[in-house]
Amino acid sequence: MLVTERLRLHDDIGAWVAKHGATRAALIPVLQEIQRSYNEISEYAMQEVADRLDIHPVEVYSVVSFYSFLEAKARGRFVIRLCRTVSCDMTGKDRVARQLENDLGIRFGETTRDGNFSLEWANCLGMCDQGPALLINDQVFTSVTPETVHDLIQACRKSFGPLAVQGQKGRTH
Amino acid sequence: MSAVKKGLVTFAAAVPEEGLKAALARPRSEVIAEVTASKLRGRGGAGFPTGVKWNLAAAATAPAKWVVCNADEGEPGTFKDRVILAEVPDLVLEGMTIAAWAIGAARGVLYLRGEYAYLRDSLEKVLARRREKGLLGTGILGSPLSFDVEIRMGSGAYVCGEETALIESLEGHRGEPRNRPPFPVDCGYRSEPTIVNNVETFACAAMVLAKGAEWFRGIGTEVSTGPKLFSVSGDCREPGVWEFPLGITIAGLLAAVGGEGAKAVQVGGASGRCVPASEFGRTLAFEGVPTGGSIIVFGPRRDMLHVAENFLEFFVDESCGQCTPCREGNAKLLEGVRMLREGRCSWAYLQELQKLGEVMQLASKCGLGQSSPNAFLSIVEHFRPEIMGRTAGGNA
Numbered sequence: 001m002l003v004t005e006r007l008r009l010h011d012d013i014g015a016w017v018a019k020h021g022a023t024r025a026a027l028i029p030v031l032q033e034i035q036r037s038y039n040e041i042s043e044y045a046m047q048e049v050a051d052r053l054d055i056h057p058v059e060v061y062s063v064v065s066f067y068s069f070l071e072a073k074a075r076g077r078f079v080i081r082l083c084r085t086v087s088c089d090m091t092g093k094d095r096v097a098r099q100l101e102n103d104l105g106i107r108f109g110e111t112t113r114d115g116n117f118s119l120e121w122a123n124c125l126g127m128c129d130q131g132p133a134l135l136i137n138d139q140v141f142t143s144v145t146p147e148t149v150h151d152l153i154q155a156c157r158k159s160f161g162p163l164a165v166q167g168q169k170g171r172t173h
Numbered sequence: 001m002s003a004v005k006k007g008l009v010t011f012a013a014a015v016p017e018e019g020l021k022a023a024l025a026r027p028r029s030e031v032i033a034e035v036t037a038s039k040l041r042g043r044g045g046a047g048f049p050t051g052v053k054w055n056l057a058a059a060a061t062a063p064a065k066w067v068v069c070n071a072d073e074g075e076p077g078t079f080k081d082r083v084i085l086a087e088v089p090d091l092v093l094e095g096m097t098i099a100a101w102a103i104g105a106a107r108g109v110l111y112l113r114g115e116y117a118y119l120r121d122s123l124e125k126v127l128a129r130r131r132e133k134g135l136l137g138t139g140i141l142g143s144p145l146s147f148d149v150e151i152r153m154g155s156g157a158y159v160c161g162e163e164t165a166l167i168e169s170l171e172g173h174r175g176e177p178r179n180r181p182p183f184p185v186d187c188g189y190r191s192e193p194t195i196v197n198n199v200e201t202f203a204c205a206a207m208v209l210a211k212g213a214e215w216f217r218g219i220g221t222e223v224s225t226g227p228k229l230f231s232v233s234g235d236c237r238e239p240g241v242w243e244f245p246l247g248i249t250i251a252g253l254l255a256a257v258g259g260e261g262a263k264a265v266q267v268g269g270a271s272g273r274c275v276p277a278s279e280f281g282r283t284l285a286f287e288g289v290p291t292g293g294s295i296i297v298f299g300p301r302r303d304m305l306h307v308a309e310n311f312l313e314f315f316v317d318e319s320c321g322q323c324t325p326c327r328e329g330n331a332k333l334l335e336g337v338r339m340l341r342e343g344r345c346s347w348a349y350l351q352e353l354q355k356l357g358e359v360m361q362l363a364s365k366c367g368l369g370q371s372s373p374n375a376f377l378s379i380v381e382h383f384r385p386e387i388m389g390r391t392a393g394g395n396a
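Those protein sequences? They're chains Z and B, same order as listed.
Our numbering numbers the first residue of the first sequence as 1 and each following residue consecutively.
Our numbering numbers the first residue of the second sequence as 1 and each following residue consecutively.
Pulled out of the complex, with its shape left as it was, chain B reads as follows (with noise of 0.2 angstroms):
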């Protein structure tokens, strides 16, 4: 069980390349299927099964196949990838040249998002050391697999952390999501065959490749194997990233980090949902609370309509306009937000916002529309009494 600590405790101690010569002493099958073993899920949130997406992918046939880093980082709150691509861009690189083995696939891509643009050089430079070191192009460690990547810059778009959306901003449109199916590993980048992963799942299948699925799956739960970074941030004494098993209880975080006597934590950043104090009970895992990582930390004397207003005025801002229900959804609440601010929102009218939002869930084109009125409706569901009949001026 990996320990409770501060910083990448586990990546940090990866063996250089250990994981990308088990893999490549394997065949591509047997890759894949210790990936499956160690029931690695998603580390951008979604939490998809990574073995299960390796496997559509690897099965497709294509002359061309992708695989995408996704380091478009833009959920508020969220800042381990960050950390990862300046301590331990290696090993990102080694998962994503395991998943070509793995998928077949030549090329890759990674997209960073615009606001890390100084990452960017330094990312060429490893990316340089390791074309000469054999670690990326022709022939990799003597084996027979050729790939390497590029870098492509975001631009300014939190939509593009969408797979659909990234796909469609590297091939020069706009970050619209696409509809599903087809999915990516069928028809991705160009209409080949593409695998997206966040930045962690690429490091973690490093890991699995060279400690096993056996170790993986020792850490966390049944469910939701393995160690998880936590980017944590607001009301605490150690806000930073934070290494826990998953599983852990929210107080169980709280505790570690310095923020007991929070009153609420916002866990999976703006299209997360907000955990009151009488939850933090509660588990961090994909069968609890499911996260990518994002534990924003509410002190007792925090105004909890002033978050939810922060967070409609961001999905005001970053809908991609596309769909109905988030474009025009979000734009109503938030007036709506603002309306029980000023003490002028009826019980009634607060139900209709309450139904809109659940109507945004289910009608909404992509995860952006369908996860925006969380932190809404969650604020709504647990802090009534406080948001409700407010005086002019706003204060609780």
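If we strip away everything but chain Z, and leave its shape as in the complex, we get (with noise of 0.2 angstroms):
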């Protein structure tokens, strides 16, 4: 990591943890902050928080662990997560999830060599009467079948409209 990435780092990380409060109740939303700008919690933005709430950096990671929307490892600026429990299975996931990786290039799990997409499950996204859904960072998009996949992810490559804003890497608060 680069020094001035470091820095920026640093000083995201203090400004959050003045928004939310030096106490373990704010561990969670700063972690959330964290993770909205930079894709990622890494040991270095662990180490950071844990010093600045006065808790074990393994305290961090346990929690960072637990969540399945926090990551140590780095993600993509479009996360992409397919609800793959029963009503969207039923209503044809498979097929979506299918032309996800073919378009993409990735299974699921994995991300794009060029940072841009990570392909995860969901569980339930609560859609389940509009079925198959799934969530493009913090969006919604519902009735997917394997024909719209591509519309879908030409819009996050162009990058226009809502889902530019949420998926910027570094932007600051």
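Please note that a few of the clues may not be correct.
Computed list of lysine-lysine pairs in DSS-like fashion (alpha-carbon distance at most 30 angstroms, straight line) [to be verified]:
#: 1; chain 1: B; residue 1: LYS263; chain 2: B; residue 2: LYS5
#: 2; chain 1: B; residue 1: LYS133; chain 2: Z; residue 2: LYS19
#: 3; chain 1: Z; residue 1: LYS19; chain 2: B; residue 2: LYS125
#: 4; chain 1: B; residue 1: LYS332; chain 2: B; residue 2: LYS6
#: 5; chain 1: B; residue 1: LYS365; chain 2: B; residue 2: LYS332
#: 6; chain 1: B; residue 1: LYS263; chain 2: B; residue 2: LYS355
Computed from the model, here is a short list of chain Z residues facing chain B with C-beta under 10 angstroms [unchecked claim]:
#: 7; residue: LEU9
#: 8; residue: ILE13
#: 9; residue: TRP16
#: 10; residue: LEU27
#: 11; residue: TYR67
#: 12; residue: CYS124
Some chain B residues well away from chain Z (every beta-carbon gap over 12 angstroms; in silico) [said to hold, decoys possible]:
#: 13; residue: PRO182
#: 14; residue: GLN266
#: 15; residue: PHE315
FYI, nobody ran anything at the bench for these hints, they're computed from the structure.
In this text the structure is predicted, and so the values were computed from the model without any measurement.
In this text, a Cβ means the ideal position worked out from N, Cα and C, and glycines have one as well.
Each chain sits in its own coordinate frame; assemble them with the hints.
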């Protein structure tokens, strides 16, 4: 990691701790801010948070590893999470999954080499009456078909609309 | 009797702040008495009497108390809380404010699941508007009540819908359920008395204060009072959120949503039970088949073993891993279902798996583990001819 990147992370974490409070209860909100802006919670970030909140870094790692929306390894700018639960399964999530893998050239659990896309499974997104459903970062898309997968990916690639804002790496708050 | 309708019928007809005004005009004890008299039971699925919970928290002596709204709606097949928060968020916040008055709390938290992050901005706006109108903040509507609500986001863990896991998560820990007692009403968030209620429960409580316990008791059955929202998905013509009085039969529900001819219905999501067509005369109520409102309809051609496998994959993924029966048990049940699918499971081993499921029901620490084998056990019980003796390729 470059020294300038460290400095920026250091400053960002300082600002987020000031915003949420230097207490244990602030741990998850601070980690969520890091995840949103950096697409990963690096070991350096964990150590930094631990120092600020006066807890052991293993405590921070333990929390990061528990929650599926917090991730120690770098994820893409756009994280696509396809619901695999039974209602979406019945409406054809397997075909959508196959098409996503084909169009992105990666398997579930992987990130494209250009760092743009990660593909993951999600458990029930609460869109069971409109499946198959998927999340792209914070946005939900329903009744997805194998044909519309391409359009969704293109929309991300072109980075227009609200999707672009949320996936920007290193965006300051 | 409320009609059987699609959408949020009763909640959408609520007069804004009617319940809150009625509550603030009465002493706390009377507010709790009204909720108790309505026989309202928790809408998240467990069905704990809301009045009893509020009363315990009100009786606890502590300098600070908390009202927590559980919007960590993760149960597979459930989406009614999302619709409530999108369409009638004020009613939920009104219910939380009434609860704050009843138990003597000054602060509240709405714990919103990470998957619903797109709802956050609109909810923040609703909070801001309520503060402007004097419905949150200091001296609400000229009463001595001061109360405010903050939104906290989940991070993709189903187990955080369990109330003590939710509190652990709020405190910045892994979402691992606590031993009980002590219960949250005595020792909850920050070790202070806390009530955790479901989104729909708060909305119901606001309706009870507005229209009276008698009105609420007039809907539903003797034991299961009030209207209930059902999240209907699967093989039916009209999936979506439906409102029925508790006590409706499964057959009655299926007729309304266009799911006649179903072979089975999963009631209560992954942690619920699979009800076969022969039992469609049973009622959806706490005394019948209890449910948080998740209804997944399986048409005649669905493979029930595939359904069991999907649910067990879910639990293997979402078990917090803290206690052995849940962590190891679900992995063994999933392995067993795959053996059944490949036609490699003996009758004796199937018996062992059923015994294991019963052990998990008894020995797991929290509701997740205790209910995780339910779907598997009910599918094995009702669909034995379909799942045994499969040939390679897996189809019945």
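For each hint, the structure was consulted:
Pair hint B:LYS263 plus B:LYS5 holds up; C-alpha atoms about 24 angstroms apart against a cutoff of 30 angstroms. For the hint linking B:LYS133 to Z:LYS19, the alpha-carbon distance of about 26 angstroms falls within 30 angstroms, and the restraint holds. With a CA separation close to 19 angstroms, the supplied pair Z:LYS19 and B:LYS125 stays within the 30 angstroms bound. Between B:LYS332 and B:LYS6 the alpha-carbon distance is near 40 angstroms, which puts this suggested pair outside the 30 angstroms criterion.
With a CA separation close to 18 angstroms, the supplied pair B:LYS365 and B:LYS332 stays within the 30 angstroms bound. The hinted pair formed by B:LYS263 and B:LYS355 meets the criterion: a straight-line CA distance of about 26 angstroms does not exceed 30 angstroms. Because the closest C-beta pair between Z:LEU9 and chain B is about 20 angstroms apart, greater than 10 angstroms, the hint is violated. Residue-level restraint check for Z:ILE13 is violated (minimum Cβ-Cβ distance to chain B is 15 angstroms; threshold 10 angstroms).
For Z:TRP16, the interface hint is violated, the least distance from its beta-carbon to any beta-carbon of chain B being 14 angstroms, above 10 angstroms. Given hint, Z:LEU27 at the interface with chain B, holds; its Cβ is 4 angstroms from that chain's nearest Cβ, closer than 10 angstroms. The closest approach between the C-beta of Z:TYR67 and any C-beta of chain B is roughly 4 angstroms, which is under the 10 angstroms cut-off, so the hint is satisfied. A distance limit of 10 angstroms between C-beta atoms decides the matter here; for Z:CYS124 the minimum to chain B is near 4 angstroms, and the interface restraint holds.
Residue placement check: B:PRO182 keeps its beta carbon more than 12 angstroms from all beta carbons of chain Z (closest about 19 angstroms). Taking the minimum C-beta to C-beta distance to chain Z, about 7 angstroms, the non-interface status of B:GLN266 is violated against the 12 angstroms cut. B:PHE315, annotated as away from the interface, has a beta carbon of chain Z within 12 angstroms; the closest lies near 10 angstroms.
The structure does not agree with the numbered hints 4, 7, 8, 9, 14 and 15 stated previously, though it agrees with the rest.
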